[in-house]
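Please model the entire structure based on the sequences and the hints provided.
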Amino acid sequence: MTEMEKMKAGLEYSYADDELIARKSRAIRWCEEYNAIDGTDYEAQYAHLKQMLGGVGERVWISKTFGCDCGKNIFIGNDFTGNFNLTILDIREVYIGNNVMIGPNTLITTVGHPLSPMKRRGYMAHAEPVTIGNNVWIGGNVTILPGVTIGNNVVIAAGAVVTNDVPDNTLVGGVPARKIKDLENDII
Numbered sequence: 012m013t014e015m016e017k018m019k020a021g022l023e024y025s026y027a028d029d030e031l032i033a034r035k036s037r038a039i040r041w042c043e044e045y046n047a048i049d050g051t052d053y054e055a056q057y058a059h060l061k062q063m064l065g066g067v068g069e070r071v072w073i074s075k076t077f078g079c080d081c082g083k084n085i086f087i088g089n090d091f092t093g094n095f096n097l098t099i100l101d102i103r104e105v106y107i108g109n110n111v112m113i114g115p116n117t118l119i120t121t122v123g124h125p126l127s128p129m130k131r132r133g134y135m136a137h138a139e140p141v142t143i144g145n146n147v148w149i150g151g152n153v154t155i156l157p158g159v160t161i162g163n164n165v166v167i168a169a170g171a172v173v174t175n176d177v178p179d180n181t182l183v184g185g186v187p188a189r190k191i192k193d194l195e196n197d198i199i
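Under our numbering, residues 12 to 199 are what the sequence shown spells out, in order.
Hints are computed from structural coordinates only; laboratory data are not their basis. This structure is a prediction, so every number in the text was calculated from the model and none was measured. Worth double-checking, as some hints may not be accurate.
EDC-like mimics (lysine to aspartate or glutamate), calculated; alpha carbons at most 20 Å apart, straight line [to be verified]: (1) K17 with E139; (2) K17 with D29; (3) K61 with E44; (4) K61 with D49; (5) K190 with D179; (6) K130 with E16; (7) K130 with E44; (8) K35 with E104.
This is the structure we're talking about:
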């Protein structure tokens, strides 16, 4: 198997692979181009996002500075706001539903590294997709780790580190994020 095939299969892979390095280099260029667009030229920003990401719904906006690892593994629904300094390490797929707001300085990562120092020295990694449901508000300075699924109508409190799945209609916060309370689903 190639390193890309291993990565897509959820197996440990080497991120020093030429194909993966080329993909990351392309994403770095796309992000540099995106971040160079006038911050008030929403049409140009949207057009660029539609070219660089895997899927983009209507009324999608990401503020500067935006960074990602691939771009084509990010799929965003309608009515999305990504505030300042959003980083999405999309080695694997990141699915974001409709009506999602993400606060500043947030990290969504699909990639992790082994606990073994020898494997880390060997440039090894593993990756798992992240899924975020509809009507989600993610506060500022939140970290969402690989393999997490966030349900619908969820609020993630500022500063939380989300290490496990979050069920629908829930407020979570803390490090690691824990359930604070149930939320009423008032969408009719």
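Quick rundown of the hints versus the structure:
no.: 1; hint: K17 with E139; in the structure: 12 Å, holds
no.: 2; hint: K17 with D29; in the structure: 14 Å, holds
no.: 3; hint: K61 with E44; in the structure: 13 Å, holds
no.: 4; hint: K61 with D49; in the structure: 17 Å, holds
no.: 5; hint: K190 with D179; in the structure: 11 Å, holds
no.: 6; hint: K130 with E16; in the structure: 19 Å, holds
no.: 7; hint: K130 with E44; in the structure: 34 Å, violated
no.: 8; hint: K35 with E104; in the structure: 14 Å, holds
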